[in-house]
Amino acid sequence: MTFFDELNSLKIEETVTTLPIISKETVEQTLKKPTLTLADFPTLISPNALPYLEIMAQKAHTLTKQRFGNTMQLFIPMYLSNLCFNKCTYCGFSVEHKYPRVTLTPDEIMAEAKLLQQKGFQHVLLLTGEAQGVVDVNYISKAVAQVKPLFASVGIEIQPLNEAEYIIMINAGADSLTLYQETYHQGAYAQYHLAGKKKNFKHRLDAVEAGGKAGFYRINIGALLGLYDWQYEAIALAHHAQYMQKKYWKSKYSISLPRIQKMVGQFNASHLISNAQFVQLICAFRLIFPDIGITLSTRESAELRNHLIPLGITTMSAESKTEPGGYSGKEAEQQFQTSDHRSLEEIKSLLIQKGYEPVLKDWH
Amino acid sequence: MFTEAPFFIAQKQLKSRLLVGTGKFSSAQVMKSAIEASGAEIVTTAIRRIDLTNPEDSFITSISPKDYIFLPNTSGARTAEEALKIARIAKATGISNWVKLEVTPEPNYLLPDPIDTLKAAEQLVKEGFIVLPYINADPILAKRLEECGCATVMPLAAPIGSNRGLKTKDQIQLIIQQSNIPVIVDAGIGSPSQAAEAMEMGADAVLVNTAIATATSPIQMAKAFKIAVEAGRLAYEAGLPGIQSTAHASSPLTGFLQS
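Same order as they appear, the protein sequences are chains A and B.
Using the numbering used here, read the first sequence as starting at 1 and increasing by one per residue.
Using the numbering used here, read the second sequence as starting at 1 and increasing by one per residue.
For reference, chain A alone in the conformation it holds in the complex (with noise of 0.2 Å):
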């Protein structure tokens, strides 16, 4: 069985239905209870959970304090190509867009991962769209070969592969995979994905499993919000997270949850989250998940992330491009508008301010 089968036989779109009567009573056994289980979640996603949110928020603290202590870890993402050619509406590589694309050099690689390695970053994720026979598995490889001397950590957040492909990867230097299923919701992913590979819902879903196959030291999954009801997306999430967690149990599962920003093509996201459902969703995955990483990028703005900050945040990207070649000044479209322009140094010394050890290497 699959996560895919798994997803099928959840009825969540009538857990989703119920959230609404989950009593104030029933939240509050809940935070009562010394540990908390997946069973849990959609009471504390729960409207009537929000009263509560400082409790959850508190909670959320201690336990991130005691499993990964005072620390923060520090990326930053490179872009090596926005060509794609696949149809997504919420994108701004959607191939639809007329725009001169760009892919990078190998030169142009170096160029770049040679001034984000001066800045001090030792963790680099990198980010393709999908253009099969341009940025395909070779050039990919090539270029997670051609900058790991650079780095401690390599990522990639690439098209979806299959297990011999992702060991190629591995094998070239990279350690974790990034890969959003952007909707769990498949009447809602089939409306946003109209063409392209990218429209096949199970072979994104497959491939986070062929990454566990693989060996991924760090799996990093998550929703793109905005796409469809928060809720929904959450409880899928949840158990995606878990169903890796002890299907692939050797690798370390981090979530994120990307909220919806402006970029080419003015798309508007329809299924809105309020801030306080965002931090009532990261307290959430703490409490039931209390060692999964959870990833916060610059899309949020800076005021919003300097409150995240102690809520159960444990990895931070800084001073984000989303263009190729973004960093060496390259001309380019972007993918999607980053809100914290904050560089490393800014973004360090806020973290030293606030009693957090900023953590640039945590691998080899």
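Among the clues, some could well be false.
[Stated by the list, open to error] If the Cβ cut is set under 7 Å, some of the chain B residues that face chain A in the computed set are:
hint : residue
1    : 24
2    : 27
3    : 49
4    : 213
5    : 215
Treat the hints as calculated values from the structure; they're not laboratory data.
This structure is a prediction, so every number in the text was calculated from the model and none was measured.
Ideal Cβ positions, reconstructed from N, Cα and C, are used throughout, including at glycine.
Mind docking chain B on chain A? Use the hints.
For chain B alone, coordinates are given in the frame of chain A:
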């Protein structure tokens, strides 16, 4: 007059029976002060966290090799092979030929893999390392590691970072009884009283990290652990009353005479 028994690891005489870890601190300065307050002589650190190429690395600049014995650990290794690779990196840089061997295939509770730990220990001893393996509280594994030449065994009290105390107490007691090498209780000790309890049982030393690093005042907590470890050791050497040191057979050999 009471005199404390000398304590050796790999022929190195030590005054402190408290070893400390360097993870989870809020800053290098807090780590440095807490380690000083703990009185520890052996300091363990994850090779994955040190930037050996950077002379400004916060660990390298705050903990002087003149003042402490560095105990690099293989944190992050999932297999014997990965642990060997990490240990060799540490040795090659000349930091130390001591290694705290951690082989933890599961990333959340970080429970050690007994099979790969033994495999890696055998190889590291052959290569001239001083090996201190982190193990589950398994008395037979402890003997096997002693036989292959490890300097200590380091059984866990509870899953690492859990602060749950001596959950494996009975098994640790057996390890202490049977061991000819120092037994250092590692992982899971959440309070000074628990450290004292391990020392009262006869553990040779304890290793503490999370309980110090994540305390409200890590420096005071480090001092509290120092005192607790000393108190526990003193109590052990003073001879706690009422502890049965050998097992009695449940069926006496002469029991038949009474039937």
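Here's how the hints hold up against the structure:
no.	hint	result
1	24	2 Å, holds
2	27	5 Å, holds
3	49	6 Å, holds
4	213	6 Å, holds
5	215	10 Å, violated
When each numbered hint is compared with the structure, a violation occurs for hint 5 only.
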